[in-house]
Each structure stands twice: as structure tokens, then as C-alpha cells.
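Undergrad: These are the residues of each chain, in order.
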Amino acid sequence: MTRRKPIATGSDWNFEILDAFEEAIACLADEYRLDTYPNQIEVITTEQMMDAYASVGMPVGYHHWSFGKQFLAVEQAYRRGQMGLAYELVINSDPCIAYLMEENTLMMQVLVMSHACYGHNSFFKGNYLFRTWTDASSIVDYLVFARKYISECEERHGVAAVEQLLDACHALQNYGVDRYKRPSPVSGAEEARRQKAREAHLQAQVNTLWRTIPGRPRGDTLPGMVDEEDPLGLHEGGRYPPEPQENLLYFIEKNAPLLAPWQREVVRIVRKLAQYFYPQRQTQVMNEGWATFWHYTLMNRLYDDGLVDEGLMLEFLQSHTAVVNQPAFDSGYFSGINPYALGFAIFSDLKRLCEAPTEEDRYWYPDTAGGDWRETLEFAMRNFKDESFIQQFLSPKVIRDLKLFMVVDDDQDEMLEVAAIHDERGYRRIRDALATQYALAVREPNIQVTSADIRGDRSLTLRHVQDDRRPLARSVYPVIRHLHQLWGFPVRLESMQDDDVVRRYHWPLPEEPRS
Amino acid sequence: MTYFIDRRANAKHKSAVNRQRFLDRYRTHIKRSVEEAVSRRSITDMERGEKVSIPSRDISEPVFQHGPGGKRTIVAPGNKEFVEGDRMRRPGGGGGGDGAGEGGASHQGEGMDEFAFTLSREEFLDFVFDGLALPNLERKALVDLDEVRPVRAGLSREGVPARINIVRSMREAQARRIAMRAPIRRALREATEALVEEEGKDPALRNPARITELKAEIARLEKRLEAVPFIDTYDLRYNNLIDQPQPSSKAVMFCVMDVSGSMTQAHKDIAKRFFLLLYLFLERNYEKVELVFVRHHTVAKEVDEEEFFYSRETGGTIVSSALTLVEEIIEARYPPGQWNLFVAQASDGDNWDDDSITCRDLLVERLMPRLQYFTYVEITPHAHQALWEEYERVEAEYAERFAMRQIVEAGDIYPVFRDLFKQRLAST
Numbered sequence: 001m002t003r004r005k006p007i008a009t010g011s012d013w014n015f016e017i018l019d020a021f022e023e024a025i026a027c028l029a030d031e032y033r034l035d036t037y038p039n040q041i042e043v044i045t046t047e048q049m050m051d052a053y054a055s056v057g058m059p060v061g062y063h064h065w066s067f068g069k070q071f072l073a074v075e076q077a078y079r080r081g082q083m084g085l086a087y088e089l090v091i092n093s094d095p096c097i098a099y100l101m102e103e104n105t106l107m108m109q110v111l112v113m114s115h116a117c118y119g120h121n122s123f124f125k126g127n128y129l130f131r132t133w134t135d136a137s138s139i140v141d142y143l144v145f146a147r148k149y150i151s152e153c154e155e156r157h158g159v160a161a162v163e164q165l166l167d168a169c170h171a172l173q174n175y176g177v178d179r180y181k182r183p184s185p186v187s188g189a190e191e192a193r194r195q196k197a198r199e200a201h202l203q204a205q206v207n208t209l210w211r212t213i214p215g216r217p218r219g220d221t222l223p224g225m226v227d228e229e230d231p232l233g234l235h236e237g238g239r240y241p242p243e244p245q246e247n248l249l250y251f252i253e254k255n256a257p258l259l260a261p262w263q264r265e266v267v268r269i270v271r272k273l274a275q276y277f278y279p280q281r282q283t284q285v286m287n288e289g290w291a292t293f294w295h296y297t298l299m300n301r302l303y304d305d306g307l308v309d310e311g312l313m314l315e316f317l318q319s320h321t322a323v324v325n326q327p328a329f330d331s332g333y334f335s336g337i338n339p340y341a342l343g344f345a346i347f348s349d350l351k352r353l354c355e356a357p358t359e360e361d362r363y364w365y366p367d368t369a370g371g372d373w374r375e376t377l378e379f380a381m382r383n384f385k386d387e388s389f390i391q392q393f394l395s396p397k398v399i400r401d402l403k404l405f406m407v408v409d410d411d412q413d414e415m416l417e418v419a420a421i422h423d424e425r426g427y428r429r430i431r432d433a434l435a436t437q438y439a440l441a442v443r444e445p446n447i448q449v450t451s452a453d454i455r456g457d458r459s460l461t462l463r464h465v466q467d468d469r470r471p472l473a474r475s476v477y478p479v480i481r482h483l484h485q486l487w488g489f490p491v492r493l494e495s496m497q498d499d500d501v502v503r504r505y506h507w508p509l510p511e512e513p514r515s
Numbered sequence: 001m002t003y004f005i006d007r008r009a010n011a012k013h014k015s016a017v018n019r020q021r022f023l024d025r026y027r028t029h030i031k032r033s034v035e036e037a038v039s040r041r042s043i044t045d046m047e048r049g050e051k052v053s054i055p056s057r058d059i060s061e062p063v064f065q066h067g068p069g070g071k072r073t074i075v076a077p078g079n080k081e082f083v084e085g086d087r088m089r090r091p092g093g094g095g096g097g098d099g100a101g102e103g104g105a106s107h108q109g110e111g112m113d114e115f116a117f118t119l120s121r122e123e124f125l126d127f128v129f130d131g132l133a134l135p136n137l138e139r140k141a142l143v144d145l146d147e148v149r150p151v152r153a154g155l156s157r158e159g160v161p162a163r164i165n166i167v168r169s170m171r172e173a174q175a176r177r178i179a180m181r182a183p184i185r186r187a188l189r190e191a192t193e194a195l196v197e198e199e200g201k202d203p204a205l206r207n208p209a210r211i212t213e214l215k216a217e218i219a220r221l222e223k224r225l226e227a228v229p230f231i232d233t234y235d236l237r238y239n240n241l242i243d244q245p246q247p248s249s250k251a252v253m254f255c256v257m258d259v260s261g262s263m264t265q266a267h268k269d270i271a272k273r274f275f276l277l278l279y280l281f282l283e284r285n286y287e288k289v290e291l292v293f294v295r296h297h298t299v300a301k302e303v304d305e306e307e308f309f310y311s312r313e314t315g316g317t318i319v320s321s322a323l324t325l326v327e328e329i330i331e332a333r334y335p336p337g338q339w340n341l342f343v344a345q346a347s348d349g350d351n352w353d354d355d356s357i358t359c360r361d362l363l364v365e366r367l368m369p370r371l372q373y374f375t376y377v378e379i380t381p382h383a384h385q386a387l388w389e390e391y392e393r394v395e396a397e398y399a400e401r402f403a404m405r406q407i408v409e410a411g412d413i414y415p416v417f418r419d420l421f422k423q424r425l426a427s428t
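Top to bottom, those sequences are chains P and C. For the first sequence, position 495 matches number 495 in our numbering, and the numbering has no gaps at all. For the second sequence, position 69 matches number 69 in our numbering, and the numbering has no gaps at all.
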């Protein structure tokens, strides 16, 4: 057994101790080949932590009442002791910013460093979604630009007008992401420079779109000849947009007839930020699971190498157990599946099936079982999102350990039915169902812009494609009211089930026929 | 590569703006909660913050979401006895439970109908006193004021060493040195040139006397140059301070209460709450508020707070005794030029037969001209007596500065208080 030479004991810390631990962890991380951005570790107070929480972890954010509401909620929860703050807060930026709260014990600081500065950090750097959709080096810059721009708008157009606009944009922000095209990353300075040019260009484009003077009669233009007045061919007939658009905010930004240039820019800012958070929404289980797996591994290594003492280790284990606790569905503490627990279970199991594969593993994962665990985990971390990660790696053992079962809730059936449990017949079905449960496309209603009546009453039509007859929640009305505010003309929403329109929503509400 | 940054010293309250925006947006909701809290609270309790609840549907941020209905599958952990094909009733009747995962559309405070949060003491008091203003708050004319504050007023040539403005003094010194040395330097240069010229001449033509003379001249000039002092008393500049008259930021509040036998503890509680509200209100308007407690039955006495509220006396009532005492205290300790004077009186309306007229005279002639504001609350469910009637005449005379109201029960306090201090725009 190694002689124990702990870097520090007790629960007090100071910067030298943190430095020493950081170095030790960095050394281990290097050994495990964790590829990370440089770390910027900021020591802050409770109050500052609540601030950071309230702004969803953005180091700088524009002002909006909803962040104030968030702050009050966090503060209340913290005061009542419902919520331990600061398990971690880490920002996907380069350098990667992580916060340590001054009230934390030494163990917590070491834990958070392992979890955030090496776990999350390497995930941000490695995962394909983050690599594709976000640009870590420019986000802080962009946030500064956004904040400045919005406060200028407030000065110029009044706080109320900006707030209303932001309310409307926030309502649609989940529909402000490009799912397939990669946006080009830009920095704040670049953005400010481009913004001016964009304003003019955008307005010109909108003007063309909404020009009401009829185009020349069709016969006048020879086929193949580009009409100079209408290069996009918008007035040629047919529907606009030619393809359904799923990025509602983008569509609004480019096409809403009545928005002023600054309003378009604000829409764009909300859209850009939604895009930035888009990967996080899709990798909750993986991201937390990965970070938890690494803090567990690193802390154990610190202990094995004799760098921490038993006291700290016990405190750590207690904290870790609480984090990965998964209450059963009928427990009073149950509030859905704990992403830390699920992610940690899958990653740990993946390691197990590389190191000590069973017959079952060899059958289910012929390519993976018995492989190099570090490479397998790296592969899983880099190339998946929650949906596909679960689909690929949720092994029968994890299903058994968590005792997962699947219930079908059909409103045409007065009873619930247990469709699958953790047995041979159920593994695949549970795995499919859980994967689907994490698919954003299923979690959020599928809504697209199908047509803007550019030559008629200028109304906007959206289509909601129902998934297994699931209707929209009542919040649809306030949301289309917001949409109407942005669009400026009537908004229609049709719910479709199997090519039939089953329900229509309008805003403004149609006049009640007087009787 | 890693670096640590200690941000603890940085600004807190980064969310202050957002928080304020939230409070502004839901002003009406919050005000309602605050009003309830004020009438519910115990006397000593006014100074804390307050928990406020708003129905969460009023503040939700809507997003497109799946509603209940349709067909969905849910994967949950912790199966104990189910086997495939088991059927069971929907828990809780109807609805699809908490559907697929808890991601995406986060609904704040799930399951809670109320969004609850805590207002800080400051915010709470802001709402309590929202829209209220001290009447007659126009600052006393500056000439009347004895209170002064030293303010910076440029530079002077005289002053005490502690106030020397070093930069300006050095600048003056440098300017003086340049000015004083210039003619000497010029003479020196001319002398030096003459000397060089003289020495450059053919030895036969040199005038030794002239050379000696020039050398002496150069030596003399160099000495003079050195004699120019680096700094002179003439150069010194002092930061100048002058006294500027200030509107008074001090207030004194006289709490006058009848403690005769007819005043019960309940009466006193009501009075105390009223005094407390007024105190908190004054505290927000003045830097410094002093309290003077005067209680009276047939004689008046200045007491401390404890005795004021909790000791009980018996006997009759002579209100004028208290007013006289207040006047004496003002004379002795609070010159009206320096202090904003407020009097709050509470009583049940009883007074010795003829005393009410004395009270009126005292008020009209002696007290009111000095006071900023006089409030009288009568805590009684009964009909008014002589004191009230006499006070009504005072009110007629000093409508701007004299206010009186009746309070029947504790619930009236806050409305009466608001009524008294409602921001008056144009009229009285």
C-alpha cells in the first residue's frame, strides 16, 4: 500500500491548496488523455453564484425580467435549503470558466474541479454537437455584444418595447435553432461590424418580398430570364416559403413585414443564444454522466495515489451517492429520471463491459465488449447525443440495475399498460422508448411555418404535426399571440394527425358570431 | 493550463436589474401581498423582508408544449412488481402524468401553484411606502438654515499645511522658476559668448581686464541662477473649502400618547404601529431621525421607549401638558433651523373639560409655526369629543401641515397612514 501523503486535510482550503490539487488532477487527467480547453476557475460568493445561476450560466447577459424571476426562485430555494448551490456551474467557453463557491469545503472544491474543469470541459471540447454548433472561443464576446446592443435598444426605444419583444422571442426560442446547417461562428467585434451592413441588406430583402405592386404579366418574361425586380422569383406565384421552415425565429427575422431593423437584430440575438444552448439541451444525460464518471474516477485515483485522506474520501462518497441517487417512480422524491444517475450508470457500465465482459455483453456488444475502455468511452462521448447514446449504449445490465419499465399511456384506453420490463423481451423496447424520450424532436411539438400569404392578407400559417395524437398544451394561445406580435398579421396554426387537420388555432381570435 | 481568479471582491447583485424588472412587472400582485402582510404583522416585525407569492400562471413564460392526451410511452425506474402486460388505473385520475422526461420546456416550480419569493427589507418598505410622500416637504429656505457642509471651492493662496495642493504648488513653482531664471540665463549666455569671443582674439589684442570682468560677471550670474529657490511660499496653493448651507437632513419625531386609565393595551398597540410606520417612513426621507417619547395623563413626562409603551397609569387627562412639554423640548434641544420637526399624537379623545381650547391655542400659536407636520390619530370607536372638534379648527388653519384621522381597529392603521401621506399633487 502506498504511503498516504495527502496534499491537505480538513475542510479548509486556500489558493495554494487548490493549486496543488488542480495540478494533481491535471496530471491524472493527462494520464487518462482528457483533452480540455484551458481552465479559468473563478472563486465566488454565494450571492454571485445565485447571480450566475439566474443568468443560466452566461457570464454576461442582457437584462430581462425572466432572469430576475429565475434569481428569486433560486434564492428562495437556497434559503429554504431545498437546493444545494454550486455543485457545479461551468460555461462552454474557451477558456472554460468554472465557478467555485467560497463556502464550499475543500472536498467540494476538489470535486467540482474534477467534475467541471475536466469532466464537462472535455465534453464541451470533444462532443460533436458542441464542436459543430457552438464556438467556445467567441461566446463571451458575443454575449457582451448582445448585452450592449440590447441596452442601446432600451435607451433608444424604451425598456417596455424591448421587453415585449424579448418576451415574444423567448416564447419561440426553442424554435430558433437550425438543426442541420452549421452557423458560422463570429466574434463580438465582428458581429458589431456586420450588424450595420446586415440591417440595410435585410430590410431591402424584406421590401422585395412585400412589394405590393404586381409583377409583370407572366408572358412578358422569357423563361429562364431573371427578372431584375424580383430576383428571388417571389412574385412568380406558388407558395412562400417554398419549403416548410422549422426555424421560426429565423423566418421571422428574415420575413416579418413590420419589424424595424433593430427588432430583427434582437430576434437574431435570441436565436443565436438559443442555438448556443441547443447542444446542451440534447446532451444532458451524456454531459452529466461523463462529468460524474470522471469526477468519480479522478477522486478515486487521488485516493489510491494517497493524495487525499480517508475523511475527505468519505465526505466525497456521501456527496457522490446523493448525486447519482435515482428514486423509484413511486417514491416521494421521484421527479423523473436523474440524468446524473442514468449517465453515470451507462458510462460506468461501458467501462465494465470493456474490462470484464460477460456472455451477455459479448452477445449485445460484440464489437465493444473486452475492448480498450478509455477509447470506447472517448468514442461514445465524441459521437453521440442523448438519444443515440441511449439507443447505442443502454445495456441490459443498466436496465436491470435501474429496474426500468415502460408504460403506455393512451387516452383511448382507460387503463395504463405496462408494455415492457427489465427482461429479455423488454430490453430492446425499453431502450428504444427511453431513447425516444430524450429525442428533442419528440419532446417538443413539431411545428413549422408552411405558408405566408404574401399576396393576400399577409397571414402566416404554421403546421403542427401531431405525434401519436398528442395535442398542444393550452400555452399555445399565449405563444401564437407572441408570434402574432412579431409577425404583425393574423397567425394560424393547424394541428395535423395523419394528413388531416384536427384542430385550428387563430390569433387574433376569430370574432364570435353574434346570435 | 489553468488559472484561478478570485472574484469574490467583484460586484455582487449582478441580477439586481433583472430582479427590479421582475418586481416592476408584477407590481400590482406584489403590492397586494404587501398590504396583507402589513395588516397581519406584529409590531416589531415591520423591519423584515416579506415572503410574497404570485400565482404562477400569471408569470409563466409560455412555450409550445405537448398537452395531455394522445398516446405516449413513459420509461420509469424502480419497478417492483409489474410484469409485462399488467394494466392499472391512471394515478390521480385523467391526465397523462408528468409526461416524457423533464427536459426542454422547464416550467418554473413544477407542481406549485404559487411562485414564492422573498422581498428584502428595502424592497418591502418600498412597496409599503409606494406612492406616499411627506407633505409639506419643501425644504426650508436656505437662509434659515444653520446647517452647513464644507464643499470644495477651488484653490487659495492661504491655508493650513494639511490642505496643500502639491501638484498645483509644484506647477506654480516651476512657472516661477522659469520666469525668474530666463533673464539671468540670457545675460549669462551673452557674457559667455563675449568671453569666448574675447579669448578667441589674437593674444596681442586681448583685454585682460575685460576677461576678468566677464569672468566675474559669469560667476555672479551663476550664483544668482542657483539662488533662485526651488519652491517659495509664494508658490504654495491650498485646496479651498467653503461652508455651504445645507437643507437639513435631520428630523426629530415626537411621539405623544395619552396613557391615562382609559387607554388600554390594545389602544397602545395601535398607536405603536402607527408611530412605527411613521418612523420608518421618516427614516427613508431623512439621514437621521431622532425619537422623543412624551406620555401624559394629567402631567406629561419624557420617557424611553419601553416605558412609553408598556407602563400604565391611571387618572384623568390633560393633553395640553404634553404639548407644553413638546414645546419645551424643542426650545431646549431642537432648534427648528436645524431640525425637521414632526409630532405624532395618539389618544382616545378624552381630555379635561376646558383643556381642549388651551390645546388649540398652544398649537396654533406656538407649535404649528415650527413644525413640519402634525398628525393626530384618535383611537376610538366612539363619538368624538371636544378635543377632536378643537383640532378640526387647527386643521382648518393649517391644512397643509396638520392632519387628523380616526382609527377604530388595527386593520385601519395602514389605510389611514396611506391616506395621510398620499402623494398630493396639486391641491392640499
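No lab work stands behind these hints: they were computed from the structure. Some clues are possibly wrong.
To be verified - Now the stretches of chain P that chain C is said to cover, found in silico as 3 or more residues with beta-carbon under 8 Å:
| hint | region |
| --- | --- |
| 1 | 127–141 |
| 2 | 404–414 |
| 3 | 437–450 |
Said to hold, decoys possible - Distance ranges between label pairs, derived from CB positions:
| hint | chain 1 | residue 1 | chain 2 | residue 2 | range |
| --- | --- | --- | --- | --- | --- |
| 4 | P | PHE334 | C | VAL83 | 47 to 57 Å |
| 5 | P | LEU258 | C | ASN239 | 51 to 61 Å |
| 6 | P | PRO241 | C | ASP126 | 25 to 35 Å |
| 7 | P | PRO241 | C | SER53 | 42 to 52 Å |
Virtual Cβ for every residue (Gly too), placed ideally from N, Cα, C.
Undergrad: All hints, please: hold or fail.
TA: The hints, checked one at a time:
no.	hint	in the structure
1	127–141	violated (count 0)
2	404–414	holds (count 10)
3	437–450	holds (count 8)
4	P/PHE334 to C/VAL83: 47 to 57 Å	violated, 21 Å
5	P/LEU258 to C/ASN239: 51 to 61 Å	holds, 59 Å
6	P/PRO241 to C/ASP126: 25 to 35 Å	violated, 50 Å
7	P/PRO241 to C/SER53: 42 to 52 Å	holds, 45 Å
In this structure, the hints that do not hold are numbers 1, 4, 6, in rising order.
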